[in-house]
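J.: Okay, here's what each chain looks like letter by letter:
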Amino acid sequence: MGELVTEKHVRYILAAEKRKDDFESVVMEHLRMNGVYWGLTTLDLLGKLDTVDVNEFVSWVMSCQHESGGFSGNIGHDPHILYTLSAVQVLALFNKLDIIDVDKVTKYIVSLQNEDGSFSGDIWGEVDTRFSYIAISCLSILHCLDKINVEKAVKYILSCKNMDGGFGCTPGGESHAGQIFCCVGALAITGSLDLVDKDLLGWWLCERQVKSGGLNGRPEKLPDVCYSWWVLSSLIMIDRVHWINKEKLIKFILNCQVVLAELLSCDFESDTENGGISDRPDDAVDIFHTYFGVAGLSLLEYPGVKPIDPAYALPVDVVDRIFFK
Amino acid sequence: MHGRPRKALEPVDAAAQSAKTEKLRLLQSQFLANHHNRIYSKEALEISVRLLEINPESYTAWNYRKLAVEHLVSQSESNPDTIKSIFDEELKVVESALRQNFKSYGAWHHRKWVLSKGYSSIDNELRLLDRFQKADPRNFHAWNYRRFVCALMKRSDEDELNYTEKMIGTNFSNYSAWHNRSVLLSNLMKREVEGHFPKEKVLEEEYNLVQNALFTDPDDQSGWFYHLWLIDQTVKSDAPVLVSSWPFPGSHITLKGNKCLHDHGSSISYPSLLDTGIIPLILCFNQAVEGIESSTVAVKSELGIVEDLIWKSLSTNSLNTAQVWVTYLNLRNLKLQMSRSYLIEISIGHSEGIMSSSGYHYSRPSEISFKLFVETAFTEPAEDQVGKMISWENDNFQKIEHFQEADFIMSDRIITGNDYIPAISNWCAETIGNEINSFRVLLSESDCKIGKLTLARLLTAYDSISSAHDKGMVHSEEILELYADLLKFDPTHSSYYKDERSLVLLRQITSTRESLLQYCHHDRNSIETNDGYVCLRLQNLSLSRMGSIESLLWVQMLDLGHNELKSIEGLEAMQLLACLNLGHNKIGTFTALGPLRLLKSLKVLNITHNEIGSRSVDTTRYLCSSPLSHTEEFDCDLFESLSGDVSAPSMWEAFLVFKSLNLKQLDITGNAFAGDNKIRSFLVKLLPTLKWLDGEALP
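Residue numbers (our numbering), protein chains in the order written: chain A, 1 to 325; chain B, 1 to 699.
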């Protein structure tokens, strides 16, 4: 164990971006926009964003935009708020936000806000606080937050607050670390964190740390590297991150790395199985968990990883560039 | 993506995998072609089914199926049987997709979409849900869908309550069931439904239910948070309540100039108020409220109602709710005569409008009266009047020995909140008492974390409710011992227990006048002239956080040096604060000083020997007003004109925090940034009123 094998993770991501032929890639083809955001943000956090072809990615991203203004997960698929945020985030990483037709994207997101302040994912009406976070985060990056009804959006999020101080996907939904990140992030971006019971939620969040040092997403579940992000960023936004044991968590994340080629006695997929991070030790790696592992290490101030903003999930220098120019 | 073991592929498997991949790729491209060309033939629909069976996460396919349904329905000539069978087919597709992945958002939403069209039988759904519950009782998709179905069939909350009890009875380790129970009970108690009101009866039954879970397996977290919720429901009042104010009822505020004679009376001087001519009126509630304005809170003197008072919430949230509200009386506008006493009355809640964010009204109209005596005319301090530098050295302070000198702290009546908090019911004290006994029994049988922590919380709750009956915090020692125990027992969460310990300690210190007096000092230099501050010195207490601020609204000079503070959350309520020592603590960033921006009277600040500028992660980034949270504009031009060539990245935080302060004296040595001359001169430019930096007089 011991350290973050940066070079290997960079190689893993670059190879994964190019690889489109294995089963995993085909199955996840529809969410490539998310995958690109995860991969590129990880590269930026490791200081290696300059190893990719900016123009290639930018033109692919723009080719996923529909008439409605929304972006799809890949070419040919339908638009959805999930991929609209990822698209904007990718362009932000490359400092190419100026090529966006801001009015068009804003109109798409505004059209998804419902009477009660909630947001639908697309025209088919699925409601979830994940979409509230996405709308608020995306419009904030585009400096158009005032185009939605922020007060109602905040009120809806509050209506999803539970007895344990956490938040669910809809009113009455059980608290889950992913939803908590979305709600706390949305409240952070709208300056409303005093509406969170930080001590109560902070205790619920810090009790996600189990014996192995990893974090789970809700009580009595298994730990998973992706919760290093959801739980950790939430704790940081409410200034309660000192309530977990950081050293133990770092150890857990590093243990989820694939370092050793010895696993690969055969050549098949040997390039890709070298590097990457999995959900828990000895499971298969993927881009999703590689991103969350590295992002988690960033929040834990691990050396060699750039600081990441806990609310916008983008490197701090990218966020500062957006708001302090 | 989750839970797949890491292993290399054998060549035979590789070939099969390759074929599988090709099949899926073909399916996807065929499907997309049908979707773009709006083909909804039987063959095309079949392709989408095969795709969704393999890959239920392919969201566009679910969209396609909805379009197909709409198309088929429009072709069906409104034949109800045809339409029903179209929707039934969709339900089958969802079921087969869920078999592949019972957590697929797309599949569950499609089912909701179908049901909400109204052509399908709802009865089947509960049976389907039972099967999912058995497979995975924590599947939150299933629980959400259950809530949706119950609403659709208008199933009663009581029936659902029985369902959760059944689930818990089968296996108490079902957090999802406990959570659901809390939602149902909240609704029922709020609606005051027959048989579920008063809440005393409900809570008693719930305590019994959760005790079974907690005592059977204390390490299972399922009941922990439910029990904590029960305690909160027992102790807190639904309606918002005023817990403290400044001035407090019955107090005498005397504003005297520097040169007056020693007054044998027991009033305290307010040098900072004389400087600014502004008197803050502070209201502190037990929960966030909205609606504090001149129509709901009136301030009047014998001269009439004070006009044009604007109440400000000490928070920035979009709903304009806050626990602490402030308004400022401007002496210049009040037109008070010298050397006479005025009775000022604050009337709260005589008209409706003050409400908590959960919708409960402030229900107890009350008055706070205090006397204001202005001995000398307020004048602007002369420009050349430098004044004296404040020293935080021990030698500079002398303990206040006599009670008469300490009337400013407030009488015990006020501290124990009798004026504000309604009498706690016997039931409440009895219930908490019973729980305390139960947990003592648990701890005697099993030395467990949840036992110790819950007992500590119960004792704390008991003390806080009985302090209204003048008993003070009798269990403080035992509570502090429990946290010391927990520090060793559960070292992973040691910082949590440390923070809790700090809160208990501060509650103990502020619980009676006697205990508070131990920490009150006079500033030696000003004893003769009686124009100095009373300083509350809380040094060397290993405090890792602040608390009990509602009992400290009267403080003008606060010494928190030599502790372990990372944040000063809550300090913004201390509107009278003029001098603050945060030296030798663990403050890691400028944004942690955010609360100070709201302190209009703050003149002297010591932040020496902290960790400002040496942390790469800012944990108070979103707790401090800034453009990131749309709570503050960034004056780019001003920043550039003042910063010169100071590196921008971390300096915007210093800029936002310091530009709103009016400090006379600032001490910063011992921080990572303090050695940088460019930053020092940046700060000096930001603070035009600054007279001393690190002990040196500025030109």
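Honestly, the hints are just simulated from the structure, not real lab data. C-beta atoms are modelled at their ideal positions from N, C-alpha and C, and glycine is treated no differently. Take the hints with a grain of salt, since some may be wrong.
Stated by the list, open to error - Covered by chain A, per the in silico footprint, the following chain B stretches (three or more residues, Cβ under 8 Å):
no. : segment
1   : 142-150
2   : 554-563
Said to hold, decoys possible - Simulated coverage check for chain A against chain B, where a stretch passes if three residues somewhere in it have a Cβ under 8 Å from a Cβ of chain B:
no. : segment
3   : 47-54
4   : 63-71
5   : 77-89
J.: Confirm or reject each hint.
T.: Here is what the structure says about each hint:
For a cut-off of 8 Å, the count of residues in the segment 142-150 of chain B with a CB near a CB of chain A stands at 3, and the three-residue condition holds. Here the segment 554-563 of chain B counts 0 residues with a CB under 8 Å from a CB of chain A, which misses the bar of 3, and the coverage is violated. Under a criterion of three residues with beta carbons nearer than 8 Å to beta carbons of chain B, the stated coverage of the segment 47-54 of chain A fails, only 0 such residues being counted. With 0 residues having a beta carbon nearer than 8 Å to a beta carbon of chain B, the segment 63-71 of chain A misses the requirement of three or more and the stated coverage is violated.
For the segment 77-89 of chain A, the assignment as covered by chain B holds, since 3 residues bring a beta-carbon within under 8 Å of that chain's beta-carbons and 3 suffice.
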